[in-house]
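Q: Sequence:
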Amino acid sequence: MKDSNFLKEKNARSLWHPMAHPADSLQNPPTIITGATGVKIKDVDGHEVVDAVGGLWNVNLGFSNQKIKDAISAQLDTLPYYSTFRGTTNDKVIELSEILRDFFAPDGLTRAFYTSGGSDSVETALRLARQYHKVKGDTGRTKFLSLKKGYHGTHMGGASVNGNANFRTQYEPLLPGCYHIPAPYTYRNPFNETDPERLAQLCLQAMEDEIAFQGANTIAAMIMEPILGAGGVIPPHESFMPGVREICSKHGILLIADEVITAFGRTGGWSGSRYWGVQPDFMCTAKAITNGYFPFGAVMIADHVVETFEKDTTGAAAIGHGYTYSGHPVGAAAAVACMEETVRLKVNENAAARGAELFAGLQELGAVHDIIGDVRGGHGLMCALELVSDRATKAPIDKKTIGTLQEVAYQNGAMVRISGPNVIMSPPLVLTPDDVQTILSALKAGFAAV
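Per numbering that gives the first Met the number 0, numbering of the sequence shown is gapless, rising by one per residue and ending at 449.
Just so you know, these hints were derived from the structure itself, not from any lab.
Please note that the accuracy of each hint is not assured.
Pair by pair, the computed Cβ-Cβ distance ranges are [unchecked claim]: (1) Tyr178 / Gly419: 33 to 41 Å; (2) Gly214 / Ile31: 20 to 28 Å; (3) Ala447 / Leu55: 49 to 57 Å; (4) Gln26 / Tyr80: 34 to 42 Å; (5) Thr312 / Ile93: 19 to 27 Å; (6) Glu306 / Ser72: 38 to 46 Å; (7) Glu94 / Thr312: 28 to 36 Å; (8) Ala359 / Tyr178: 53 to 61 Å; (9) Ala19 / Thr403: 15 to 23 Å; (10) Gly214 / Val305: 35 to 43 Å.
Note that the Cβ used here is the ideal one computed from N, Cα and C, for glycine as well.
Could you build the full structure based on these sequences and the hints that come with them?
A: Printed below as a string of structure tokens:
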């Protein structure tokens, strides 16, 4: 490794960082992470902290899972790459597919289409949804519905169904035919409704209204996160996703569950859809499927969709879509090991227990500090604090203050993520009670400094 002087001198000079202004990265050099062990990361100066970001929602099992690392190493020695395009496959991807079939059986999902990551998985689901209707002869079903505040990756399709202007405005015009429904976001919504159950019903009514306006026979799919993640951890009322499922089924609209964040135990359930008792038609996964150790994803597909494609005799169901790295053998090997470890460790149960502790601690902070406008969580290890400069008007916090909070928390033992006015926490699912307290004490120090 180059020495610390070299790394600091060259930091951000020869690369542009995702989700950042290039000039800001030069003026405020990013933290240089050089090592990680367990649930902790270490920077170039040797400062070690609990990673309350979990990599980027993906390092569910922590940074030291040797079984996954060994699986990657062994696969590199055996078969480092081969394509799964028509005519060839590999042993590891077959093994993984059977594991995923069993794991997602309660969700009614029995086939996998492999991708390189979350954005790829969303793009795949959108494309297959359109193709499904064409195979059935419903060629007019091309539109998509999604939630405002929802996040669905960075491809043109995903950006088009994204419900956050930060990921849209500078890249417009985007895909036509994408329409957005108000999110069940109790802190800020157009209905000025704070009761979660009533708000869920109002959002469902808005969805029905949009379907009536567009024409149900023009809509291919509704895509949604079971709990909105990157938009600020927005959990809906328990009636919301089942209500969406019911509306979609009534109108012949496919339901795509974007579970790039919520699959594999993050919510305390094995999937976010299962947490709410819903069976989607497609499920987008990635991130924790390999614990972040290899770029990989899978779109899981429901039985009735499988039947439509596999019984086609016209040729319309031939899939003209895929990625060079779809079903990559190293990624598949990592995923096999990761799935085995995920189930063995019962990380969903620990996520539920530690998540309850973290949420309770955050609620205590919210009762003390006026700049905390809203505390969100209570569904596994995904929590957020929305900061305001004025509780009465809900005016968002200024960038300098929330930046200071993040820096002081980091110096006091925890890396947290800042996104707009939100402090987001998505730590590894192998977190201990002591780790939870470290995060909370670091945040206490941060709030004391602002």
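Q: Each of the hints needs a verdict: does it hold here or not?
A: Going through the hints against the structure:
Between Tyr178 and Gly419 the C-beta distance comes to about 23 Å, which lies outside the given range of 33 to 41 Å. Separation of Gly214 from Ile31 is about 53 Å and departs from the stated range, judged on CB atoms against 20 to 28 Å. Separation of Ala447 from Leu55 is about 28 Å and departs from the stated range, judged on CB atoms against 49 to 57 Å. The hinted range of 34 to 42 Å is satisfied by Gln26 and Tyr80, whose Cβ atoms lie roughly 40 Å apart.
Restraint check, Thr312 to Ile93: a C-beta distance of roughly 26 Å satisfies the suggested window 19 to 27 Å. Restraint check, Glu306 to Ser72: a C-beta distance of roughly 40 Å satisfies the suggested window 38 to 46 Å. Take Glu94 and Thr312: their Cβ atoms lie about 31 Å apart, and the range 28 to 36 Å holds. Here the CB-CB span from Ala359 to Tyr178 is close to 38 Å, at odds with the stated 53 to 61 Å.
The given range of 15 to 23 Å is respected by Ala19 and Thr403, whose C-beta atoms sit roughly 18 Å from each other. Distance hint check for Gly214 and Val305: the Cβ-Cβ separation is about 27 Å, which falls outside the suggested range of 35 to 43 Å.
In terms of the numbered hints stated before, the structure departs from hints 1, 2, 3, 8 and 10, listed from lowest to highest.
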